[in-house]
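S.K.: When we follow the UniProt record's numbering, the leftmost residue of the sequence shown carries the number 1, and every step to the right adds one.
Calculated from the structure, these hints are not laboratory results.
Remember, predicted model here, so these are calculated numbers, not experimental data.
No residue lacks a Cβ here, since even glycine has one placed at the ideal position from N, Cα and C.
Please note that a few of the clues may not be correct.
[Said to hold, decoys possible] Taking lysine-lysine and the DSS-like style, the derived pairs with C-alpha atoms no more than 25 Å apart in a straight line are: (1) LYS245 to LYS267; (2) LYS67 to LYS430; (3) LYS684 to LYS655; (4) LYS655 to LYS503; (5) LYS369 to LYS794; (6) LYS267 to LYS248; (7) LYS759 to LYS726; (8) LYS655 to LYS519; (9) LYS684 to LYS726; (10) LYS93 to LYS67; (11) LYS60 to LYS253; (12) LYS726 to LYS641; (13) LYS519 to LYS509; (14) LYS58 to LYS182; (15) LYS494 to LYS58; (16) LYS60 to LYS93; (17) LYS603 to LYS662; (18) LYS494 to LYS519; (19) LYS369 to LYS67; (20) LYS794 to LYS772; (21) LYS61 to LYS182; (22) LYS286 to LYS300; (23) LYS253 to LYS503; (24) LYS430 to LYS369; (25) LYS253 to LYS58; (26) LYS685 to LYS430; (27) LYS300 to LYS248; (28) LYS245 to LYS182; (29) LYS253 to LYS180; (30) LYS61 to LYS494; (31) LYS430 to LYS641.
[What the hints assert, rightly or not] Taking CB as the label site, the calculated pair distances span: (32) GLN765 to LYS684: 27 to 35 Å; (33) ASP774 to ARG681: 26 to 34 Å; (34) TYR806 to ALA407: 41 to 49 Å; (35) GLN790 to GLN181: 41 to 49 Å; (36) GLY670 to ALA400: 41 to 49 Å; (37) LEU303 to HIS127: 50 to 58 Å; (38) LEU639 to GLN181: 47 to 55 Å; (39) ILE413 to GLN284: 54 to 62 Å; (40) GLN181 to GLY670: 32 to 40 Å.
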Amino acid sequence: TTQYTPYQAELAQGRLESLLNYQTMIADLTALPVSNASLLDEGTSAAEAMSLCQRQNKRKKFFVDEKCHPQTILVVQTRAGPQDIEVVIGSWKTVDLSNKDYCGALVQYPDTDGTVQNFSSFVDQAHQCGTLVVAATDLLATTLMKPPGDLDFDIAVGTNQRFGIPMGYGGPHAGFFACKQKFMRMLPGRVVGITRDSAGRRALRLALQTREQHIRRDKATSNICTAQALLANMSAMYAVYHGPKGLKHIARKVHHSAIILAEGIRKSGHTVTSSAYFDTVKFQPKGGQEDIKQRAEKKKINLRYYPDGQFFQLDVQRLLAQVADLAQEIGEQPAASLENGEFARTSSFLTHPVFNSYQSETRIVRYMKLLENKDLSLAQAMIPLGSCTMKLNSTTEMMACSWPEFASLHPFIPNEQAAGYHRMLEELEKDLCEITGYDRISFQPNSGAQGEYAGLMTILSYFQSLGQSQRKVCLIPISAHGTNPASAQMAGMKIQPINVNRKGAIDMKHMKENLEKYKNELACSMITYPSTHGVFDEDIREICDLTHHFGGQVYLDGANMNAQVGICRPGDYGSDVSHLNLHKTFCIPHGGGGPGAGPIGVKAHLAPFLPTNPVTPPKGTDSGLSFGSVSSGPYAKGLRKASQVAILNANYMSKRLAGHYKTLYTNEAGFCAHEFIIDCREFKKTANVEAIDIAKRLQDYGFHAPTLSWPVSGTLMVEPTESEDKLELDNFCDALIMIRDEIRAIELGHWDRDLNPVKMSPHSQADVIVGKWDRPYSPETAVFPAAFVQPGTKFWPTVSRIDDSYGDQNLMCTCPPVTDYISTDKEKCDAAVI
């Protein structure tokens, strides 16, 4: 749970393998060849699908079937507005696509009433008109019914919450996104791919990163950064443990229970309105709803009641325990089963050995431990990723999230049944308002990037209420997080970059020029404080005041809030809205790339324009659930001392490294904020060493590298957080100093500029043990370069340096075929093991 996105792949082969399993699981179950490594939820996945459709064929209309889940419809409508996409809601049976003006169409399969429809003719019709078709589907149902790929859908989206993830009052859980091969390079979010290392051994890495916001910025395929990797891994392990037979058995129990209930409903004189269904039965009671509602509530059963007062439905998964025994009595395939009709799945799935080898607790635990041992986490060493705030996730914080009182609540139960949750959120809102100086908090965004988008949309809604809808210009410093311009673009804003000065602060001359230039169109200034260059910008108050003077709002990126808690408050120095990364500042797990939580705080004048409830119009929904990753809430609690120590640690390290590395940006007194950037650019000329070489060499010393080449190319950004003690800080500094000595040896000609331990790092066990050592330095120099690196405690990179170019040129994003594991050549066998 403690790691972040696997940017240093050599130290992350375990969770990369698990995410590859996840991608394979999604691809197999949907029968589509390509999957990403998770999104945030079903609603935002559907919105991302709409964006892909529009990018593909440039049309500006998108059809949504009226039988899609209401929260999904609202998220899509909200996302479409700023993109000038017209969302048309209607019936898939009657929509006219012949004008060829629809970029895509979204249908629910099974639909929100539980009915399974045959969309084959609709998909064919759409394709004849050049329209892409998206299925929002149920993963468990696809084990029995024809999957989207077999019906020729272009994209499949949904949630994998029912694959081993607690409901948690709605989140966190992973959204999935699968598509045809031809759309691979347009996928949103992370993608794990297979490549090779410097020794030719198979390895895993994040593929196609040039699509993403940290590189493409406003041209990225999505603004998403943190997704739901931890939840994706949990779902992958659920599939690994149960395998295809186990999943199908679970699906049959659910489905057969629904059939039994439907038959009981008919015998009681009610009318079942569903014809084909998987787990949800909708019916019309012979009398009114009220009598059944009262009796159901006495038995603590929640039903979905339709507003016309006539219909309600049962989600059979919640009633499974009450009918499971009866399900056994009707045999494996009752007459009404989906498996006996036109909807039956005939294609195989989860055939890879990983899904057919671990169907016992002993085996699955050993497999998980094997993967865990391949990953460096905070259990082994500090992870000083700049702007990521990799602090301790204490056990006492995390325990509460396993309590059934938090984990077992459905997101749409009546509020009175979630009084404890609401009290917790009210108290957390009060605390966060006190910390930030804001007046209201919305917990709906379930990542920092979603928080940015929600905050910017809040600003735009505010201006629309004032009749100033022309205000769409967003001023963003060139040093900003990549999510800033990507989120602004998603919100339909015009982005104006602002320069920074030689000290890394905002260029006030350029800022003032643009404020004046765009005074009639200015929506906001989007500022990070402390800046991404690791300094407290001394002009922050003036920037806020000037922005307000010219009619704009101030969006303060809260990613660096760990330097402010208890010290200063954004609401006091002029900010109007911020997102807060609870997975950074407030200690919820990073999870290898999620879950995130990005609630936004606003001043009172913006409060009426915060995101709305996803099942209660008007539209304005940021995610598919009212409180986003709400079950992460028990983790969050902040302390002033934490920020003070975080700043102290960063400055201590910066001073210790002085004389060896230059700290690129400081204030006039020579101090940094909670993070700092060391400049490695000169070494390319003097020793042929780049920042990436230093990052990889740090792995031999047992450390994860700082953030590489961001926000300044050729540099390393270090953020120690308050969690690390002085010994760990000293060891990390010693490692960097010793690497500088190694670079100096190259500069002096003691080592070849290409054949040296820095350029050839990291060194895996196989490099040292297998074959003859033929490098111009000793194995001890390679793998035990410091006194604190000991054989009994050393963390070994699983593979040698990753070949990124090969991975992107030879894309493979699912588990390799079984034939790759069959060889009489031992070297090939070793290479086939992931």
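S.K.: So, for every hint listed, does it hold in this structure?
M.R.: Hints versus structure:
1. LYS245 to LYS267: Since the Cα atoms of LYS245 and LYS267 sit roughly 33 Å apart, the hinted pair is violated (cutoff 25 Å).
2. LYS67 to LYS430: Status violated; Cα separation ~38 Å.
3. LYS684 to LYS655: Holds, at roughly 23 Å.
4. LYS655 to LYS503: Distance ~17 Å between LYS655 and LYS503 Cα, so the pair holds.
5. LYS369 to LYS794: Since the Cα atoms of LYS369 and LYS794 sit roughly 17 Å apart, the hinted pair holds (cutoff 25 Å).
6. LYS267 to LYS248: violated (28 Å)
7. LYS759 to LYS726: violated (29 Å)
8. LYS655 to LYS519: The hint is violated at about 42 Å.
9. LYS684 to LYS726: violated (31 Å)
10. LYS93 to LYS67: holds (11 Å)
11. LYS60 to LYS253: Violated, at about 43 Å.
12. LYS726 to LYS641: OK: LYS726 and LYS641 at ~16 Å, within 25 Å.
13. LYS519 to LYS509: The given pair, whose Cα atoms are some 15 Å apart, holds under the 25 Å limit.
14. LYS58 to LYS182: Between LYS58 and LYS182 the Cα gap is close to 16 Å, so the pair holds against 25 Å.
15. LYS494 to LYS58: holds (19 Å)
16. LYS60 to LYS93: Answer holds: LYS60 to LYS93 is near 21 Å, not above 25 Å.
17. LYS603 to LYS662: violated (40 Å)
18. LYS494 to LYS519: holds (13 Å)
19. LYS369 to LYS67: Roughly 43 Å between the alpha carbons, so the hint for LYS369 and LYS67 is violated.
20. LYS794 to LYS772: With a Cα-Cα distance of about 22 Å, the restraint between LYS794 and LYS772 holds, given a limit of 25 Å.
21. LYS61 to LYS182: holds (22 Å)
22. LYS286 to LYS300: holds (22 Å)
23. LYS253 to LYS503: violated (64 Å)
24. LYS430 to LYS369: violated (40 Å)
25. LYS253 to LYS58: violated (44 Å)
26. LYS685 to LYS430: violated (53 Å)
27. LYS300 to LYS248: violated (29 Å)
28. LYS245 to LYS182: violated (31 Å)
29. LYS253 to LYS180: Violated: LYS253 and LYS180 sit about 31 Å apart, past 25 Å.
30. LYS61 to LYS494: Cα-Cα ~22 Å, so holds.
31. LYS430 to LYS641: It holds: about 20 Å lies between the C-alpha atoms, which stays within 25 Å.
32. GLN765 to LYS684: 27 to 35 Å: holds (30 Å)
33. ASP774 to ARG681: 26 to 34 Å: holds (32 Å)
34. TYR806 to ALA407: 41 to 49 Å: holds (42 Å)
35. GLN790 to GLN181: 41 to 49 Å: holds (47 Å)
36. GLY670 to ALA400: 41 to 49 Å: For ALA400 against GLY670, whose Cβ atoms are near 43 Å apart, the range 41 to 49 Å holds.
37. LEU303 to HIS127: 50 to 58 Å: The hinted range 50 to 58 Å is violated for LEU303 and HIS127, with Cβ atoms some 38 Å apart.
38. LEU639 to GLN181: 47 to 55 Å: About 49 Å separates the Cβ atoms of LEU639 and GLN181, which means 47 to 55 Å holds.
39. ILE413 to GLN284: 54 to 62 Å: The hinted range 54 to 62 Å is violated for ILE413 and GLN284, with Cβ atoms some 23 Å apart.
40. GLN181 to GLY670: 32 to 40 Å: At roughly 54 Å between Cβ atoms, GLY670 and GLN181 fall outside 32 to 40 Å, so the hint is violated.
In this structure, the hints that do not hold are numbers 1, 2, 6, 7, 8, 9, 11, 17, 19, 23, 24, 25, 26, 27, 28, 29, 37, 39, 40, in rising order.
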